[in-house]
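Two chains, two separate frames, one set of hints: put the complex together.
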Amino acid sequence: MDLHELEAIAEREQTQRVRLRILCCAAAGCQASGSLELKRRLETVLTAAGRLAEVDVIPVGCMGLCGHGPLVRLEPSGEMFERVTPADAEEIVAALDGGSCQVPRCDRNHPFFTRQLPIVLRHCGQINPERIEDYIAAGGYRTLYHVIHEMTPSEVINAITRSGLRGRGGAGYPTGLKWATVAKSPGERKFVICNADEGDPGAFMDRSVLESDPHLVLEGMAIAAYAVGAEQGFIYVRGEYPLAIDRLQKAIVQARRLGLLGAQIFESGFNFRTDIRVGAGAFVCGEETALIASIEGRRGQPRPRPPYPAESGLWGMPTLINNVETFANITAILEKGPEWFASIGTEKSKGTKVFALTGKIRNTGLIEVPMGITLREIVTEIGGGTPDGTPVKAVQTGGPSGGCIPASLFDTPVDYESLAAVGSIMGSGGMVVMDEHTNMVDVARFYMEFCKDESCGKCIPCRVGTVQLFNMLTRLRNGQGSGNDLIEIEALCELMRETSLCGLGQSAPNPVLSTLHYFRHEYERLIGAEVEHGS
Amino acid sequence: MAAKTLTINGQMVSARPGATLLETIREAGITIPTLCHLDGLSDVGACRLCLVEIEGQRRLQPACMTVVNEGMIVHTDTPRLRSYRRQIVELLFAERNHVCAVCVASGNCELQRLAALFGMDHVRYEYMMPAYPVDISHPRFGIDHNRCVLCTRCVRACDEIEGVHTWDVAGRGINSRVITDLNQPWGTSTTCTSCGKCLLACPTGAIFPRGVTVGERPHASERIALIVEARKQRW
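Residue numbers (the numbering used here), protein chains in the order written: chain A, 1 to 535; chain B, 1001 to 1235.
Possibly wrong hints are sitting among the right ones.
As the list claims (entries may be wrong) - Covered stretches of chain A (chain B as the covering partner; in silico rule of three or more C-beta atoms under 8 Å from a C-beta of chain B):
1. 297–311
2. 384–390
3. 443–455
4. 485–493
To be verified - So the derived label-pair ranges between C-beta atoms look like this:
5. E231/A - N1009/B: 42 to 50 Å
6. R475/A - A1230/B: 19 to 27 Å
7. N1069/B - N484/A: 52 to 60 Å
8. N1009/B - P186/A: 31 to 39 Å
9. T1031/B - E436/A: 53 to 61 Å
10. I1030/B - T474/A: 38 to 46 Å
11. R298/A - T1213/B: 35 to 43 Å
12. S1042/B - R115/A: 35 to 43 Å
13. Q14/A - S1042/B: 28 to 36 Å
14. G1029/B - Q249/A: 57 to 65 Å
15. V1123/B - R83/A: 52 to 60 Å
16. C1195/B - R298/A: 20 to 28 Å
Hints listed in this document are in silico derivations from the structure and should not be mistaken for laboratory results.
Here the structure is a predicted model, which is why all the values come from computation and not from measurement.
Think of the CB as a built atom: it goes at the ideal place given N, C-alpha and C, for glycine as much as any other residue.
Chain B on its own, in the form it takes in the complex (with noise of 0.2 Å):
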């Protein structure tokens, strides 16, 4: 199959045919903001940060779950969608307790980043302060839900990556929650094998190591792509 040629932001790119979108983009060495997309790991096109507007389509697709075509002409970067961007990143940050202050992750966060990405002085909505739990049954690892944006790269990591399946996601709406085995205190769960690899996935601070200071701790989020480029027969 021969190689795809695209229009992003007015710049002509070549594609390997059936990669994605998002792929072709970052290729292209343009930036374009991601958060529930993890390299190595399937996509679930979650986030809606990753949407562009492709020429012809009505509605917006998400990069990361949208196979190129040829001729296809892709905007990543319009007004209406960084005003969008923006708006999805305030409705994360009113909906659980993001405070970088008193975080772990302050300095090595993803949503953190996007904030300053996108500009975000203020918040315009009204913050829903919750109170989750904080779970540290885990005598390595633990997670505070108060920080998670439930982007799920634990649970696909864990599932894909390591094959265990002790994370999911449990409730519906506003009440989803990611939990391990059957909602059982993680360091009760006798599927984890302690891997760590649902820390190296998560984008926030809501899983961290204990037991580690602020600084010391990892974020190294590339290794699952690693990993998953180690673990490919090359003979």
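Next up, chain A with everything else stripped away, as it sits in the complex (with noise of 0.2 Å):
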């Protein structure tokens, strides 16, 4: 395979491509509602009208839009319908020559489109995420291409640096320092792992990538692992996303078929492999020691750090461990520059970032903003409200290693920064909106149940603790607690954060701290202790 031949499989998509075509959602959000039962229903419709031949029925990815699902975009005319069943398929193809339709149209021009940045969802929702000639025929591969034959690693981590990108699993570690430590580690062999254990309660943005657009994750995995000298790597998917499985499974297939993966790739020196390991639901698998644990056959336990991966990870190898979304950035920072990267979002916080926004909001789905966007602008702009129009109280973000946010702090902007110093991570995109009728108690309560659950019981403060505090809330919420309760809740918390061995228990008290500081007076109210201030 060469640049001539790529291109050659991208023309030919091109030229071979019908006008007509009906872009039907194919992930898993439109499955659950029935998109393939309503792919098949069209097809049958075509096939009766005998136009089968020149209107393409493609299932595509993640159109963003998901609670509005199964969702039907017609091209070229870009018409996009929601909510659309089977029985519509007759009037969905009449639209396609402007016949009269029925079927809710989605509102193109609503803030919910307008307002998105798409750069790692470019792809989702216009290809067909299981042909590798879609991929192409959008420009895939190329940035590989041209960083193997035209770029040292040493200046594809240069550009990464200066990119100014940041590790979208949550923490926010530059991506050019770390993908820089490991390329200097000393190792006979490197790993590079694609951490797709995404666990939040609502958080569903790994998933939808890996389902939409599975090469962009394999391009950007090769380009980082040419950039600090791996030759292996891993994906490590849960295993309760069969379909993000699935489709990366045909996608490594046809890369490796293709020559864009495993020996020398575009006819190169450059060698590299990569396979998938599925995690089998564990959420602390999602912390990256305990995930390459879990790599090793081991039990899926974290130790401590340093060493970092970076150092010593897989087998004791410097290996470079990122998240989906982190990898799904990096072909577009290469392709269009980094000051171009750089230019978008905050000083400190730069490009964008995919949100699932999900809880008491109008529309629920996938996202993609700019950094620095406001809260307020995501709540109700993009996310409409709620559905019934209640008050919007809180966001929490960063799932159970998160915070909950009042409605008082929504023009805080969405960077890392901003939101560690409100309470809150940025974490991995969840991003859950309460109304009114949210009790919050319950909510500490909740994501306290999450982390007892999936404690993996290595270290005493986390595996004791968190189901102390899950005990002392339950007490509370049944009007059994007492004001003693709510300090030895902080002190506990306290521990918690301060000993734990890996981030799972340390952040765990995060909805705790950051209810009690937010909405103390629902603690209170539970005790009696208002009465007692009052007095």
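Now the structure itself:
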């Protein structure tokens, strides 16, 4: 495979493309609401009309507005329909020719679409994720070619560093610095790992990216491997994502067949093989040292850092671990230049962030917005507020490691530092909106229950602390708490934050601490302390 | 490589390069509590009792897994650390049924010693009182899971010293439990050599010899380190 063959594939795709296309979302969300049945029905209708040759029905990845699925988009008109049922197939086909159609249309001028800036999601909902030709036609694998043939590894790292990209898994560690550390660490072999063990309640960013555009992640990984000097990669996907695993597997096979992965990529001396490792349902395996232990075939438990995986990771070798979304940013940065990327976002948080917008929100779905956008813009403009108009009370970011941000702070810009300053974290991108009817003690209790169930049990503060906190919150909620409980809750939260072994235990108190900070009256009401304060 | 010099609790201390903070602290005659550490076994940093403050580092670090550095300034006994250690031991007492009055290890128990050391006069947390089974299927030893603190010293002694790996941990979080083989009764284990190193390594009365009175129960976890030392080739 060389550049000409790549261009030839792209050209062939362009010339063979029929004018009329029906793009039908086939990501997990729309599949769950029946999009595959709809797609079959559309094909039946077209066959009956004898138009199968002139109209293509294409299964594509996530179109974003998951809560209104199944979604269908027509090309070239760009019309988009929501909540399409198989019974609507005839009308959709009629709409191709401008016929009347009663199926609800999506307003493409709504802020949900206009306020987004797709970089990671730029192919999502545009290409068939199960065909590498679609990805190549959209410009795919050119960047890998240019990187291998025209850039040195240090130039690649330099570009990533200058872009200001930070880890999208949540902690926001500078990606370029991490790559440079792995590149400089001595080791007979090096590894690249893609962390796709997304497990926060309400988060589906990585799943959507893998289901909608798996090659983008593979290409990013291959570039990373070239930059740090690795020849073997692993994608650690959680087992609860069968569709993502299936599409990744297909993508790897296709890329290998075309010589875009494997030995002597693009007829160069660069080899990169990547394999999938499927997680067995432990949230803690998203923690990098636990993830490594799991790949090595051991019990998925974290170990103290340092040494960091960049120095001593998989089988003791220097290992680069990045999140799905981080890898998905790489090709765009190298294609359009680090300066372009650095011009998006805020001073310290560059680029965009993908969020899974869920909870009490009108437009549930997947969004990608520039860093620095305010929570208010996300919740009220893009999200459209609550479905029944009830005032929004808070938004939870960062899953069980994050916190609840009250509506009064919705002018907070979304970047790593600002979210940390208000007691939450950027996290991997889960964003759960809560309205006035939500009981914040219940919210804290829910997340603590999650942490209690997901604690690996290795260190004492997390193993026992999560259970004790959960029990205390349960007592409070049942009206059996006392004023002393609040003091003990805070002391236990501090213990866990300061002494737990890994990020799970250290951040498990965050939902409790942030709700205690912003909604303390809800706790106090439960122990009758409010009355005492009044007197 | 030159020896490192560091400051521990205001005292200048020298350390072998590559040594852990824990070794260095103890060599200097400073006491520091540990539970999951046992001389002769690898370290896992799980009990969090040997956490120390290192100036310039945001997070507390486990002394057992931190390698010494030139010029490190370490505090091992601040009020904050003392408070955390006591809380951790209280959490352990609340987790399972640590009833010293009816325990074979009373008087020889590391957990009991730690509680006394930290002045634990009561437990502020709710006792969870689980009903764990006692496995006495093995002819010579028994394990009472109610007394287990999940330090995994038995797991490591069995794996690293005896080379058998009969023990491991199953379940997760609060439901974690040490198991023999694939969670079979200990007596039916096909890998166990009945060497008794798990018994030596156990800090509490969880693993005990059968048919031995409380006073006779050996408590000699230092013998694990002796075995390791004795096996070193010296010529």
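Against the structure, the hints:
1. 297–311: holds (count 3)
2. 384–390: Our answer is that it is violated, as 0 residues pass the Cβ test (under 8 Å) against chain B, missing three.
3. 443–455: holds (count 4)
4. 485–493: This one holds; 3 residues, not fewer than the three required, reach chain B with a Cβ under 8 Å.
5. E231/A - N1009/B: 42 to 50 Å: holds, 48 Å
6. R475/A - A1230/B: 19 to 27 Å: violated, 53 Å
7. N1069/B - N484/A: 52 to 60 Å: violated, 42 Å
8. N1009/B - P186/A: 31 to 39 Å: holds, 36 Å
9. T1031/B - E436/A: 53 to 61 Å: 55 Å Cβ-Cβ, so the 53 to 61 Å window holds.
10. I1030/B - T474/A: 38 to 46 Å: holds, 42 Å
11. R298/A - T1213/B: 35 to 43 Å: holds, 39 Å
12. S1042/B - R115/A: 35 to 43 Å: With a Cβ separation near 53 Å, S1042/B and R115/A fall outside 35 to 43 Å, so the hint is violated.
13. Q14/A - S1042/B: 28 to 36 Å: Roughly 59 Å apart at Cβ, these two residues miss the hinted range, so it is violated.
14. G1029/B - Q249/A: 57 to 65 Å: Holds: the Cβ-Cβ distance is about 59 Å, inside 57 to 65 Å.
15. V1123/B - R83/A: 52 to 60 Å: For V1123/B and R83/A the Cβ distance comes to about 56 Å; the hint holds.
16. C1195/B - R298/A: 20 to 28 Å: holds, 23 Å
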